[in-house]
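Position chain B against the provided structure of chain A, taking the given hints into account.
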Amino acid sequence: MGLREDVERFREVGEERREDLKEFISYGDLGGSGPNSINIPIKIVDLPEFAYDRRDMGGVGQGQGGTPDVGQPIGQPRPQPGDGDEEGEPGEEGAEHEYYQMDPEEFAQELDEELGLELEPKGKEVIEEIEGDFTDVTRTGPNSTLDFQKLFKAGLKRKLAMDFDEDYVREALKVDGATADDVFRWAREENILVSRAWIEDAAKDVPESEKGAWESFEEMMENVERTTTIQRIRRDGLRDIPFRREDERYRHPEVIEEKQKNVVVVNIRDVSGSMREKKRELVERTFTPLDWYLTGKYDNAEFVYIAHDAEAWRVEREQFFGIRSGGGTKISSAYKLAKEILEEEYPWSEWNRYVFAAGDSENSSNDTKENVIPLMREIPANLHAYVETQPGGNAINATHAEEVESSLSDEGNVVVAYVKQPEDVVDAIYRILSTEDAS
Amino acid sequence: MRDDRIDARKEAARLEEPVREAGALARKLGLKPYPVNYWIVDHDEMNQLIAYGGFQTRYPHWRWGMTYDRQRKQDQFGMGKAFEIVNNDNPSHAFLQESNSLSDQKAVITHVEAHADFFANNEWFGMFADDGDALAAAAMLEQHAEAIGRYMDDPEIDRGEVEAFIDAVLCLEDTIDQHRAFVNAGSPREREEREDLRKRLEQLNISEDVRRQVFDEEWLDRLEAAEKEAAELEEPRKDVLAFLREHGMRYDDEKDRAVEMEPWQKDVLDMLREEAYYFAAQKMTKVMNEGWAAYWESMMMSEERFAGTDEFITYADHQARVLGSPGLNPYKLGKDLWEYIENTANRREVADKLLRVTGVSWRNFHEVVDFDEVQELLRADPAIDGVRSDALEELLALGEDDPRVDHEALDRALTDPDAVDVDRYPWKVLTYEGLAERHFSLVKPQNRGFLGRIRRSELEQLARYMFDDERYDTVEEAIADVNYAAGWDRMREVRESHNDVTFLDAFLTQEFVTENHYFTYEYTRASGDFRVTSSEYEDVKKKLLLRFTNFGKPTIAVYDGNYDNRGELLLGHQYNGVMLDVQQAKGVLERLYDLWGRPVNLMTIVKEYDDHDLEIARRRNREPEPIEVGKRIRYDGTSFETHELEADLEERIAASDVDYDTKPDDWLA
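These protein sequence lines are chains A and B, in that order.
If you read the first sequence in the working numbering, its first letter stands for residue 24, the second for the next number, and so on.
If you read the second sequence in the working numbering, its first letter stands for residue 284, the second for the next number, and so on.
To be clear, the hints were calculated from the coordinates, so they are not data collected in a lab.
In this text the structure is predicted, and so the values were computed from the model without any measurement.
Distance ranges between label pairs, derived from CB positions: (1) B:A295 to A:D433: 50 to 60 Å; (2) B:E444 to A:E231: 42 to 52 Å; (3) B:D327 to A:N214: 28 to 38 Å.
We put the CB at the ideal spot given by N, CA and C, even for glycine.
The following block holds chain A by itself, in its conformation from the complex:
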């Protein structure tokens, strides 16, 4: 339909096509998340227009709880009337928000639902017994406690149970002389869960010319490949999940012992000369949602940011994504520093640990094998992840990711993900978080 195409065209504007509009694109800033809210990045293309100079125009604001004094600085002007309109009236101008604020917990939930994750944060310290999470289920309840995951799973089961390879059965209808009855019997024998009514409907749609395409069922089965449900889901995606009212479950609280869930996330980033702008952005795009997700999952999340070239140093978040240096690369320097910090400040007995590193896989010779891999083994963590960002394919000497993958993939808490373009980010996040899930 039209709108899907419009979305597609929009994605390409200023990127693959319409270079002329490039200068009018603004991306919502991925960073800048406050302690209790995060921003969802979105792309905005503002066509130029005859407009007033923003500075020269000034504006009208509304004080919260009083009129501010004349002369008081107000920071960046607030959005103007007409923005944030719930109705999206016809002719509404593009609002000036570049992103939406949301709560990390909601984000984590959304991501769980979106990706079907079931990451259960591990409690590390028993604090007290209180009325716990909404983990018991009932059949009715307020909408906000609907256990969507359960509903989704039940729907998925239904789908798996009801799903069959339509094309395959259609082919069977082309068997010479086969009636709907024959096909139905054949299908039952083949254990294909198709209804008689469906076959009768489908039979009407088989063009005369194609009838008799196969001599017999045997010939057809030999020549036509049958796809499994999994293959079809992979190919077509999970579009129509049959949700049923009777599958709905609502969570309600139970009394549990509350464990304080602490998490420390170490973000390591290669800032050497080979990490160009594109790669840097990919790191930010991958790390930021991971951070939000974990913030949303745990009661208490702390972050350690380590930048490195041939040496490593600890930085603040604000600087983390911006730093660039010229030097070479020695990834082990960062892990050494991470190990020190973790041992000193975040003992494994009290903290869940996540160590995420990102770079373009370039490393000084033998550093990976001789230093990094042993260090990764030595640092206990829920998860070690390495994100390789390589827009436009691999360089010859970029082997760090491969080496880590081949030597540590059995560890269960090590994962390597590859991000070549923004579209890969979601897959990478899924890959990383589902690895933790399995452990």
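For chain B alone, kept in the frame of chain A given last:
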């Protein structure tokens, strides 16, 4: 899929009664909405409709994709939910989200009925449709979608070229003459039309300030003088799109010169211009229209108890969320202003009657009138106020001629109690007059004291030409004669003729600005940031008007289509003291070149600051005085040149006495 539709159908069945009754109630309250068709949609369909501006089909373009993408994310992450969308068409189409609660649906339906009334009766909406012609917006937009879609699919035409052409036109979609009817907006303004417009403006009773802003009285005047001098330039044309349609060309690379536009280009330009005019009315009346809908929604939902008692809390919550969102909220601003209009009209009506009581004059009004007594007397007749199925006899007792009672409905209710559910819909047995008395604003608790606060100057004005000033012997008699519908009558008058600019100008008050803590801000060079400059209502109004006049955009007009005798286009920015965003303007010129095919020029005035002055300003904490310089920016298809502007041209675009600056002279001292 089938399951979804069953849900939608169930929802539709559930809403049949609310829809029917809301329509009936709206008409009882004096509204005259277009008929509305309601559709139940799921959230994804809703996102699509929002992306398409309330319609089901639009021409292919990436910006719908952009809105859809954003809407979807917003929806997905639970950041704000769309309840409804309604489009301006006859009949109007409103789309309700399937997952809304019943009370939300009812609120939305009452809201929609009020929007449909606004669409049907506001004159600015009338400017698009030919007189008498039925509006068929959905059909028009669908035709455009088909036609543009065909051009895009045409193998002879490059799809990217069509898209770039659309973008170029969209950059200029606000440079139209939105204050004139669509059918003749493209042609130069005629003298007699100007006269006509002036007369109508006088009837509107709006301030000089706004007239100058909105209707460009000034350049009209200047124009007359210029004509006498047999000016070499024809009069400025605000409808830049129409001018481009008539005289625009395209640059042909092979021939190395401008040639006639392709037929598809002309066609696309025509269609987009038509859409720009269609949507202009909505953009011009946003505050009024949203406020109007919020006012009547609240009247029907809470005052007339259209929300069932069990739904009332949900409704109150819904309304608080909509009206309570921070910033300058058009719903809240509009609704408050409408209530202010209602109250002042009602007060004027009551004061008018009181001044006709023997012994009451504008001088002693506040001393002799007992406002508590008046308040009591104004209270609605108990029979009208407390309509219930077991109290119908009391209505009957008011007599057969009582204009407040819908006697036909009352008879039906009395003979067959099941036919009219009086407890649920008490308004059914009342008329417009009855409902006006029932909801007279001045007796509401929040408006107590409003009558007493009437200014002496207003009373004096009322009394000045009053001949019949001893008509009543007592206050009782006077109050008995009060027309309770005065407020609503006045509101409907205002909704017919005003747009946001005139509305704000006429009704924004100091009281309103103070209560809502509005303030203005400006950028200061001395400190390099934005600072609060004023909380005076004149200043707030000034800035608000700037934001709403001409869609909040600078006015750009065509001053010459054959500039310098070389076929160049000359646009002029009618400078009102606020500078253009020059960088964006250059972006527009680049795209404008594709519509003109020859070099394009823009005259404007920029403010320049002397480095030395800036330095002094910083040290002394005082704003530097800008130097205003006329510039002509020229783009020839490859590069920009900036020239000093000739003095005679500069004079034509500069305003003499408009001032949007709210900075106090010594405000940082």
